[in-house]
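Just so you know, the sequence shown maps onto residues 1 to 958 in this note's numbering.
Mixed in with the good hints, there may be bad ones.
[What the hints assert, rightly or not] Beta-carbon label-pair distances, calculated as ranges:
1. Ala881 <-> Gly480: 23 to 29 Å
2. Ala871 <-> Asp679: 49 to 55 Å
3. Thr468 <-> Gly522: 33 to 39 Å
4. Asp687 <-> Glu300: 31 to 37 Å
5. Pro808 <-> Glu300: 19 to 25 Å
6. Pro808 <-> Thr259: 53 to 59 Å
7. Ser823 <-> Gly922: 40 to 46 Å
8. Asp679 <-> Gly578: 46 to 52 Å
9. Thr156 <-> Asp742: 47 to 53 Å
10. Pro758 <-> Glu936: 49 to 55 Å
11. Ala19 <-> Gly663: 24 to 30 Å
12. Ala871 <-> Asp786: 19 to 25 Å
13. Pro326 <-> Ala305: 54 to 60 Å
It is worth saying that the hints were derived from the structure and are not from the lab.
As the structure is a computational prediction, the values presented were derived from the model and not from experiment.
We put the beta carbon where it would ideally sit given N, CA and C, even for glycine.
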Amino acid sequence: MTASTPPAPPFRDSRLPFAKRVDDLLARLTLDEKTAFLHQFAPAVERLGVAAFRTGQEALHGVAWMGPATVFPQAVGLGATWNEDLVRRVGEAVSREARAMRARDERVGLNVWSPTVNLLRHPLWGRNEEGYSEDPGLTSAIATAYTRGLRGGHPTYWRTAPVLKHWLAHNNETDRDTSSASVRPRVLHEYDLRAFRETVEAGAVAGVMPAYNLVNGRPNHLSPHLGRHLRTWTEDDLLVCSDAGAPSNLVDSEHYFDTHEEATAAALRAGVDSFTDHGTDSSQIVARVRGALEQGLLTEADVDAAVRRQLSVRFRLGEFDPEHDPHAPAAAEDVAAAFDTPAHRELAREAAEQAVVLLKNDGVLPLAPDARIAVVGLLADECKLDWYSGTLIHRSTPLEGVYERFGAERVTFAEGVDRVRLRTTAGTFLHVLPSDDAADRAAGTEGALDPALLAGRTDLPPLTTDATGTELALVDWGEGLLTLRAPDGRYLSVAEDGFVRASADQPGGWVVQETFRLEPHGDGHLLRHTGTGGHVRVAADGVKVAAPDASSAADAPEVFGLVVTERGEDAVARAAAGADVVVVVAGNDPHINGRETEDRTTLRLPAHQERLLRAARAANPETVLALTSAYPYAVDAEALPAVLWTAHGGQAAGTALARVLAGDVSPAGRLPQTWYADDADLPALLDYDVIGSRQTYLYFEGTPLFPFGHGLSYASFAYADLSARAEAGRVSVSFTVTNTGDVTADEVPQLYVRAEEPSVPRPRRELLAHRRITLAPGATADVSFDVPSSALAFWDVALDRWRLEPGPYALLVGASCEDVRLSATVTLDGEPTAPRPVRERGLAAAGFDEQSGTEIVDLTKTAGDAVTPVAGRTGELLYRACDFGAGVSGVTVSVAGEGTVEITLDGGPAPVVLSADTPASGPYAYTELRAALAAEGVHDLRIGLRGSLRLAHVGFSG
């Protein structure tokens, strides 16, 4: 007899719904197996034939960290395209390459941690490059397009499973794991949650990643909004993956819990499903979960809920149905056909072209075909990558693009570096030894799950000294942060052995080892290596960095004399003087001064680059500034005939810029965020109250350098025939756009709305819709937008819900938020404003209308908000139109801590003062204080807070 093959378990049956299959597999797993699944690197369960699984694969603008891949423009550049169709196609290309790369390397994950939908509220945020826009609507539109591309179009199986970053209200790198964003309810719902909500509701999101910071005093990895909001927006199971190391931060840096068992249990119960901590070592997370189970802090049902969500994603990725997975490459030729294809290369160029924004043009652009061009600047011959880039397969710098487009014989180049020699006290100079570097490897070309672990090179000789030395190219990237480059193009760097070598192709790494500072010392300078904090010294075996705390004479730092052989501005001036037009390429290195872990301190260009710009302009008035950067700058645009901006544009950046300069492509990128004129226009970095502090184009009342939505063209466009109506819960707008210019070009018509008679502060104007269109000369397009009236609602803190206010609304059509060409007014029906029913409901402290000197903190460790005065200040809260009905006679306040609460009614009796003077047992030990308060009718109510107390609620009685 032949034994019959046992039937496949239900979780292998592709005919069953995913939910039933997940339930079946979950029931077969032991508690230990399920516990192991909670770490980022979930092990295989061989007895069931279940493979290992890894959450997380960076794919922000191409597959990152896993070796060569197509590199598209940075996310902020994709946002500047204002083109959802393009961004969807980019997402498709990235996901196809992820699948192809996984077929060759199983370490490549399909649960991609992208896109970033944090709003670009503050332009000094170090990770500005990762977001799409300061506007939640534009952000969600671009993010939805990218996630749809990443997901793929199959109704059942996903090509990759996108996870949105970083939940929630995260715009600072300074103290990012300990700082708290104070986010009032209106800002939470109208601004920060909105970009996540609309993207999730579109149906192509597999999960989110909480941010490192705290919101309203509570770590984002414990956010009650994961359950209250996120998981109500879709019927799909959403996988919540922690950020790297964040679970440990709950104890180690944030001190929110005393033990890791408490912290892990709280995060799991709040909705975190996968813990990214301790790299590939899952033992500590597993031990913490087991400890929490043993202590009764978790139940097996809590573990099941998290594992079920992970399994749901794995089933959607086709892991358990390889024979039905339409996205799995079937053969080696399928892998090759999906990776670095001609179509992907063309798409990278198209995306880079569409991301270019023409900020100003007095007629110098496009350049004449026979123009003699000087291409100058520190980024003129660079194709910079950022932390979330893949390794370049193809590369195009602005200089190379201009050479190719105009002919090398018509182009001169000056980089603008300062050329220096460093003289020792012995009279010798730093010298770079020649190296026989046959391997010529560059860090990052090999795949690495964590490129922060890539070590610096030790196979090259360290620097020495000799009588003549080596001329080094010095660049000051701002705030005294320098790079030094040898003649062979390699940057001075420091490896783990402490020696200084010319060994790096580019600055980079989690801790950049290629930057230095020159510190005045006597008649010379000390050279401090910023990565280690140590000073450079000259030893018998080579030039090395002394330990920061070194005190022996042998470790004494060298005092260098800086001998400048050529200043960058002199070289730039020579090149500029002999040209018809100068293109100054300026901007940032994405690994220096403004990056993950490091915010910028100013909008200004670094002084070195301002020197080069002034020199070019003085030598040749026909100077074009081409900014290539991850964020906005405040520049003197008035003195320049033309200014362009593009984010770091990926592998085709140089070709794209040259084609725009030549007029082969008419620029049509639009600014995705406000460019402020001065640092004085900016709010504090940690001030998240976009309404109260009048932030972003929505509320900013000053004059920007360039407004949100701005971007010029080589063509001109006429807007006409506006029609607007409001009926049946919809607002419909139509108009025509005509290309009145001489070239085919794209235009981006934008529709904004403004409430004309608002009862609360509303945006000066808010983007409702947009569309990127292409028009030939003389062609006209009919453009129409149809939006639900609910899109014009606001979050009413008195009702704790959305409310559409009745009345007139201005509809503004134009080419930017300030360049309005057409306008109309519609009147909407809605829910009239009513006083707060405080007699029945009381007042939630955080539901204020206005405040000063306060911040919102956590009511408890799990949910709710309270309000406390900022340390050393008196806090004031205003609640408008409080309805006390026929009358009240008493007030009760719920407070924790010590201090006073002072309650005043506008037009009412003398203030009521309540004091909490008994030291509480902790910040969450609330007590109720009562006092007499006589009031009737409708009044504005003001509350003053003093001391270290937390106010949770105010109630009225009698």
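Status of the hints after comparison with the structure:
1. Ala881 <-> Gly480: 23 to 29 Å: Cβ of Ala881 to Cβ of Gly480: about 54 Å, so the range 23 to 29 Å is violated.
2. Ala871 <-> Asp679: 49 to 55 Å: Given range 49 to 55 Å: violated, Cβ gap about 25 Å.
3. Thr468 <-> Gly522: 33 to 39 Å: Hint violated: Cβ distance 24 Å, outside 33 to 39 Å.
4. Asp687 <-> Glu300: 31 to 37 Å: violated, 44 Å
5. Pro808 <-> Glu300: 19 to 25 Å: violated, 57 Å
6. Pro808 <-> Thr259: 53 to 59 Å: holds, 57 Å
7. Ser823 <-> Gly922: 40 to 46 Å: With Cβ atoms ~55 Å apart, the hint is violated.
8. Asp679 <-> Gly578: 46 to 52 Å: violated, 36 Å
9. Thr156 <-> Asp742: 47 to 53 Å: holds, 50 Å
10. Pro758 <-> Glu936: 49 to 55 Å: violated, 28 Å
11. Ala19 <-> Gly663: 24 to 30 Å: 56 Å Cβ-Cβ, so the 24 to 30 Å window is violated.
12. Ala871 <-> Asp786: 19 to 25 Å: violated, 49 Å
13. Pro326 <-> Ala305: 54 to 60 Å: violated, 30 Å
Checked against the numbered hints above, the structure breaks hints 1, 2, 3, 4, 5, 7, 8, 10, 11, 12 and 13 and satisfies the rest.
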